[in-house]
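Colleague: Residues per chain are reported as follows:
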Amino acid sequence: MPESLSPDVVTFAPPLRDLGVDSALICSDLGYRHGAPDMIKELIDEVLPLVASRIDLRCGFRILPAESVKLTTGIASVQGVDFSTGPIISHELKHSTSVAVFAASAGPRLEHWAGEVMASGDMMRGYIIDAIASEYVSMAAEWLEHRVEEEAGKRGWQITNRYSPGHCDWPVSEQHKLFSFLPEHFCGITLTESALMLPIKSISGIIGLGRDVKRGAFQCTLCELKDCFQRRDEPVTAVERT
Amino acid sequence: MNEILDSLTRCVERGKVNIKSPYPPDLKGQDGADEFARKAVEAGIPPQDILSNGLIVGMQRVGTRFRNKEIFVPDVLMAAKAMAAAMEHLKPFFKTDALKHKGTIVIGTVLGDLHDIGKKLVSMVIEGAGWEVIDLGTDVSPEKFLKAVDEHPGCVVGLSALLTTTMVNMETTVKHVKGKYPNIKVIIGGAPVTEEFALKIGADGYSGDPQGAVEFLNSRCSTN
Numbered sequence: 000m001p002e003s004l005s006p007d008v009v010t011f012a013p014p015l016r017d018l019g020v021d022s023a024l025i026c027s028d029l030g031y032r033h034g035a036p037d038m039i040k041e042l043i044d045e046v047l048p049l050v051a052s053r054i055d056l057r058c059g060f061r062i063l064p065a066e067s068v069k070l071t072t073g074i075a076s077v078q079g080v081d082f083s084t085g086p087i088i089s090h091e092l093k094h095s096t097s098v099a100v101f102a103a104s105a106g107p108r109l110e111h112w113a114g115e116v117m118a119s120g121d122m123m124r125g126y127i128i129d130a131i132a133s134e135y136v137s138m139a140a141e142w143l144e145h146r147v148e149e150e151a152g153k154r155g156w157q158i159t160n161r162y163s164p165g166h167c168d169w170p171v172s173e174q175h176k177l178f179s180f181l182p183e184h185f186c187g188i189t190l191t192e193s194a195l196m197l198p199i200k201s202i203s204g205i206i207g208l209g210r211d212v213k214r215g216a217f218q219c220t221l222c223e224l225k226d227c228f229q230r231r232d233e234p235v236t237a238v239e240r241t
Numbered sequence: 000m001n002e003i004l005d006s007l008t009r010c011v012e013r014g015k016v017n018i019k020s021p022y023p024p025d026l027k028g029q030d031g032a033d034e035f036a037r038k039a040v041e042a043g044i045p046p047q048d049i050l051s052n053g054l055i056v057g058m059q060r061v062g063t064r065f066r067n068k069e070i071f072v073p074d075v076l077m078a079a080k081a082m083a084a085a086m087e088h089l090k091p092f093f094k095t096d097a098l099k100h101k102g103t104i105v106i107g108t109v110l111g112d113l114h115d116i117g118k119k120l121v122s123m124v125i126e127g128a129g130w131e132v133i134d135l136g137t138d139v140s141p142e143k144f145l146k147a148v149d150e151h152p153g154c155v156v157g158l159s160a161l162l163t164t165t166m167v168n169m170e171t172t173v174k175h176v177k178g179k180y181p182n183i184k185v186i187i188g189g190a191p192v193t194e195e196f197a198l199k200i201g202a203d204g205y206s207g208d209p210q211g212a213v214e215f216l217n218s219r220c221s222t223n
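Chains A and B supply the protein sequences, listed in that same order. 0 is the number of the first residue of the first sequence in numbering that gives the first Met the number 0; add one for each residue after it. 0 is the number of the first residue of the second sequence in numbering that gives the first Met the number 0; add one for each residue after it.
The shape of chain A in the complex, shown without the other chains (with noise of 0.2 Å):
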């Protein structure tokens, strides 16, 4: 069930069952497109209900007013506040009358629990707690994209994909502009001065909105950085079974 922070803020604790996250998806993740090592998998298999049982993945979205944002190239201004997002992102936005902010969190316990499997000396477990984390973060994001899409839908409106601070030249350092628009402590994560999120297994982000805005192309196709460990060839569509 949501829960309403105020009238345009949003938070859920998303079904973990609903989010797609299996074996196979962290296999072809860690790079194992076709087939990973049984041992790899027998891993995989008996982390994946242990990190379900340690996480506390949130995540919601505040949606802006009608008519609060404003484009020219390179620059999305939202409520006079100006985010630098580079012509790629900008161009994505075209039409956008609005924007849902959002972030989603996978808690701290898991990132501590990496850590200190890992300084145990068990490297390997430690990486696939911390690939599974990864994961259900960006799982629980395509989660709240469809949310961020109905709610869209009762306004009459589209939706754009998620773009984050980081993708296509739009500096990271505006994660400080990007959550002045949401609530303090949103989904437990907090920025610090070097713009990182804690915990760092978070994501945060922008969704334009507008009755004549369009999904472009998938995020990693428009992207330059083609040797970026988190490229994906294609997009997830585990959540869209859902």
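Simulated from the structure, these hints should not be mistaken for lab results. These numbers come from a predicted model, not from an experiment. Glycine is no exception: its CB is placed at the ideal position from the N, C-alpha and C atoms. It cannot be assumed that every hint is accurate.
[To be verified] Computed list of lysine-lysine pairs in PhoX-like fashion (alpha-carbon distance at most 20 Å, straight line):
hint, chain 1, residue 1, chain 2, residue 2
1, B, Lys143, B, Lys174
2, B, Lys184, B, Lys174
3, B, Lys27, A, Lys40
4, A, Lys40, B, Lys68
5, B, Lys143, B, Lys177
6, B, Lys184, B, Lys101
[Stated by the list, open to error] Some, not all, of what chain A presents toward chain B, calculated at C-beta under 10 Å:
hint, residue
7, Ala35
8, Gly114
9, Gly120
10, Asp129
11, Gly165
12, Glu192
13, Ala194
14, Leu195
15, Ile199
Mind docking chain B on chain A? Use the hints.
Modeller: Positioned in the frame of chain A, the structure of chain B alone reads:
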């Protein structure tokens, strides 16, 4: 003699830690890096040969295959574990002149950045290449890097960052360290980092993968 070293190389490359290790399945029940390293020492093979012609060859193959995306992080971690098991048998020789590291690298994630895994992975591959690694951890200040350099004269410095907001702290660190030690070599790496950036901030090298860091160290910094 070469058979033992070849087996040792193969065990590191395949991530076969010891006889009890079930991985990889086709080597189940067979000796691993642990046993072959012990056999090599017992056979009187010089420790430097065991390291250079057995273990390092295996890790070099791992680094190259990882760069070529033929294997992935878990495979590197298994190889590093096998390497570590073998190194236990060689550790005593570092206390004598029988075995020497190629040099020392002081490595850390720069101030403001808490990302650790990539840096750890690079550290493991560098260690597997015969270097001593002093890992300062994450969120490391320029002052802490300098203190470590003071304590390890002649070392190389390795800086990691995963955010565009923290990679700027690489420049501060390079200036701080080179201000006192102008000839010290600094190599940088991390997702947002480029060769162009390395040049701009006065670093001596950049690598996009662990093996590249090893190649930089071996070609430009090795003293042995």
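Colleague: The structure should be examined with respect to each hint, and the outcome stated for every one.
Modeller: Now the hints, each set against the structure:
1. Taking the CA atoms of Lys143 of chain B and Lys174 of chain B, the gap is about 13 Å. The hint holds against a cut of 20 Å.
2. Simply put, Lys184 of chain B and Lys174 of chain B have alpha-carbon atoms about 12 Å apart, close enough for the 20 Å limit, and the pair holds.
3. At most 20 Å may separate the alpha-carbon atoms for a hinted pair to count; Lys27 of chain B and Lys40 of chain A meet this at roughly 17 Å.
4. The hinted pair formed by Lys40 of chain A and Lys68 of chain B meets the criterion: a straight-line CA distance of about 19 Å does not exceed 20 Å.
5. Between Lys143 of chain B and Lys177 of chain B the alpha-carbon distance is near 14 Å, which keeps this suggested pair within the 20 Å criterion.
6. With a C-alpha separation of about 14 Å, the suggested pair Lys184 of chain B and Lys101 of chain B falls inside the 20 Å cut-off, and the hint holds.
7. At about 8 Å, the closest approach between the beta carbon of Ala35 of chain A and any beta carbon in chain B falls short of 10 Å, and the interface hint on this residue holds.
8. Interface restraint check for Gly114 of chain A: the shortest CB-CB distance to chain B comes to about 8 Å, inside 10 Å, so the restraint holds.
9. Against a cut-off of 10 Å between C-beta atoms, the interface hint on Gly120 of chain A holds, since the closest Cβ of chain B lies about 9 Å away.
10. The beta carbon of Asp129 of chain A comes within 6 Å of a beta carbon in chain B, closer than 10 Å, and the hint placing it at the interface holds.
11. Here the hint on Gly165 of chain A is kept, as its CB sits about 7 Å from the closest CB of chain B, short of 10 Å.
12. A least Cβ separation of about 7 Å between Glu192 of chain A and chain B falls short of the 10 Å threshold, and the interface hint therefore holds.
13. The restraint placing Ala194 of chain A at the interface with chain B holds, with a minimum CB-CB distance near 5 Å, inside the 10 Å limit.
14. Because the beta carbon of Leu195 of chain A sits about 6 Å from the nearest beta carbon in chain B, less than 10 Å, this interface hint is met.
15. Taking 10 Å as the C-beta cut-off, the interface hint given for Ile199 of chain A holds, the closest approach to chain B being about 6 Å.
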